[in-house]
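Undergrad: Sequence:
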Amino acid sequence: SSVTPARGLMAGELPAGVTEEAVSREIERVLRTANWDEITPKLVLRTLEQTLLPNEPENVLKPHKKLVKQKMDAVMKLILDERSAFANDAEPEPAEPAPVDEPPPAPSPEAKKPKKAKDAKPTAAE
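The number in my numbering is simply the position in the sequence shown, starting from 1, with 64 added.
No wet-lab data here; the hints were simulated from the structure. Keep in mind the model is a prediction, meaning the values are calculated, not measured. There's no promise every hint is true.
[What the hints assert, rightly or not] With a straight-line cut-off of 16 Å between C-alpha atoms, the simulated EDC-like cross-links for lysine to aspartate or glutamate are:
#1 Lys129 <-> Asp101
#2 Lys126 <-> Glu84
#3 Lys106 <-> Glu122
#4 Lys141 <-> Glu77
#5 Lys130 <-> Glu77
#6 Lys133 <-> Asp153
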């Protein structure tokens, strides 16, 4: 007699014919469109259930939370690696070199208009 593992405990036994590939694709879709500061495994599980298993009871994927977290980590790493590679490839060349230790421009002659005689205060030399 063979021992059959409990339903839902193994990654290969996702409910209703859902595959790991489908889970990975949906997680990637969610992570590419969501704010990572707000996303949690619980929210991803809920989204997976709504999109992949709309006719199944709530929390049907809860036994697969560990798998979902692993997939989330893998997809996040993939996205971060893509962004890093893109940032390295997309760094624009500077239009012109930045000036090095140049003095600030002199104020324009208009900025140093002399005061009118009636507003001028006498100096000690006068």
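Undergrad: Looking at the structure, which of the earlier hints fail to hold?
TA: 1, 4 and 6
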